[in-house]
Amino acid sequence: MATSYGPPSIWAVIVAAGLATFAIRLSFIHLFGRVEEVPPWLERALVYVPAAVLAALVAPDFAPASATVEAALTPELLGGAAAVAAAWRTEDVLWTVAAGMIGLHVARFLL
Amino acid sequence: MDSRLPPDLRDGIRDALPLLLGIVPFALVAGVEAGLTPLQTIGLSVVVFAGASQLAAIDLLGRDAALGVVVLTVVVVNLRMLMYSASIAPYFRELSARVRAGCAYLLTDQAYALALARYVGDRDRETSTRRPHYYLGVALTLWIVWQAGTVVGVVFGAAVPDSWRLGFAVPLVFLALLVPAVSDAPSLGAAVAAGAVAVVGAGLPFNAGLIVGAVVGVATGIALEGRGVGSTDGDGGGGSDPAEGH
Chain A
1 MATSYGPPSI WAVIVAAGLA TFAIRLSFIH LFGRVEEVPP WLERALVYVP
51 AAVLAALVAP DFAPASATVE AALTPELLGG AAAVAAAWRT EDVLWTVAAG
101 MIGLHVARFL L
Chain B
1 MDSRLPPDLR DGIRDALPLL LGIVPFALVA GVEAGLTPLQ TIGLSVVVFA
51 GASQLAAIDL LGRDAALGVV VLTVVVVNLR MLMYSASIAP YFRELSARVR
101 AGCAYLLTDQ AYALALARYV GDRDRETSTR RPHYYLGVAL TLWIVWQAGT
151 VVGVVFGAAV PDSWRLGFAV PLVFLALLVP AVSDAPSLGA AVAAGAVAVV
201 GAGLPFNAGL IVGAVVGVAT GIALEGRGVG STDGDGGGGS DPAEGH
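First to last, the sequence lines map onto chains A and B.
Numbering-wise (the numbering used here), the first sequence opens with residue 1 and increments by one.
Numbering-wise (the numbering used here), the second sequence opens with residue 1 and increments by one.
Hints listed in this document are in silico derivations from the structure and should not be mistaken for laboratory results.
One or more of the hints may lead you astray.
Unchecked claim - Facing chain B, according to a computed beta carbon distance under 8 Å, are these residues of chain A, among others:
{"#": "1", "residue": "48"}
{"#": "2", "residue": "80"}
{"#": "3", "residue": "97"}
Unchecked claim - If you want the footprint, here are the derived chain B segments under chain A, 3+ residues with CB under 8 Å:
{"#": "4", "region": "4-10"}
{"#": "5", "region": "44-52"}
{"#": "6", "region": "90-102"}
{"#": "7", "region": "133-144"}
{"#": "8", "region": "149-161"}
{"#": "9", "region": "178-187"}
Remember, it's a predicted structure, so these values are computed and weren't measured experimentally.
Glycine included, every Cβ here is placed at the ideal spot set by N, Cα and C.
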């Protein structure tokens with residue numbers, strides 16, 4: 001997973017991402033008085049942002065390399081399935097990660 | 001605890017303690033993930049201070065995504081905080097610009113949820129000048145533990161052999177946040193559409209499939225909601241909020 005970007009690029013991303021995140025956080029705290037609330041259309045869209053972004057982030061990590069059963073049954077997919085089951089039951093990050101890691105290593109041992 | 005601290009600050013620290021169970025493993029993962037140098041990883045934690053977006057940035061940098069896509073993804077992941085900012089702003093309006101900026105930097109899912117619950121129940125106008133104390137008690141506790149957890153993760157992660165596959169914890173954390181975010185039919189549609197488009201678009205340049213997938217997912221959620229599919233008026237946006245139920 002090592003990146004091939006050099007330190008200047010990485011730091012530029014960190015600073016830009018940090019400034020943008022701070023601007024989001026400060027937005028209405030700073031503006032309040034001039035803007036009373038989030039525009040309704042934006043609020044409606046924001047409701048679906050977590051589900052959409054997280055799914056888009058995570059799906060390629062678990063997608064099979066080709067459309068065959070052998071290619072699909074990877075340790076990563078089985079670990080991910082264990083994690084989803086744990087997340088469903090516990091809604092807890094710790095248990096979800098634990099179940100996923102155990103699932104991954106059990107599947108690597110068995111497959 | 002030191003009784004010289006303002007009572008509201010102490011209350012905030014006390015109320016934040018149960019949340020640390022959820023924060024610590026998340027922070028450890030944010031520190032463990034290889035790819036960046038230890039200083040860069042800690043710098044990301046201090047400068048951005050938003051867990052899911054930090055993991056997304058590390059993940060995308062590891063895939064050599066275009067730098068603009070990395071920053072844009074962080075923005076999209078953190079956009080939900082616009083709502084928190086708007087919602088909590090009335091309680092901070094008496095504060096100086098400098099204190100408001102500090103409060104904004106510390107804004108997180110958990111600090112927002114706890115502080116708003118307290119402020120909404122607090123009708124006493126006289127306390128308005130003390131308002132940031134409770135918020136700061138929660139938010140600063142979370143900040144300190146988050147940074148400490150990241151540092152421990154960096155130190156610990158460097159000592160762990162690659163065969164343990166600790167990096168796999170990153171997509172697992174995303175799953176842990178995704179599952180509760182899928183609370184009704186429109187949010188399920190949003191997730192399925194976004195995931196499918198991201199997989200199909202995985203070959204697009206600059207990892208643009210991620211952004212296109214997210215946009216298609218949000219549009220799908222809105223469209224399904226507009227057609228009245230399974231509308232339960234649930235909080236589809238509360239997925240990354242371990243403070244629920246407190």
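Here's how the hints hold up against the structure:
{"no.": "1", "hint": "48", "in the structure": "holds (3 Å)"}
{"no.": "2", "hint": "80", "in the structure": "holds (6 Å)"}
{"no.": "3", "hint": "97", "in the structure": "holds (5 Å)"}
{"no.": "4", "hint": "4-10", "in the structure": "violated (count 0)"}
{"no.": "5", "hint": "44-52", "in the structure": "holds (count 6)"}
{"no.": "6", "hint": "90-102", "in the structure": "holds (count 6)"}
{"no.": "7", "hint": "133-144", "in the structure": "violated (count 0)"}
{"no.": "8", "hint": "149-161", "in the structure": "violated (count 0)"}
{"no.": "9", "hint": "178-187", "in the structure": "holds (count 7)"}
The structure fails to meet hints 4, 7 and 8 from the earlier list, while all remaining hints are met.
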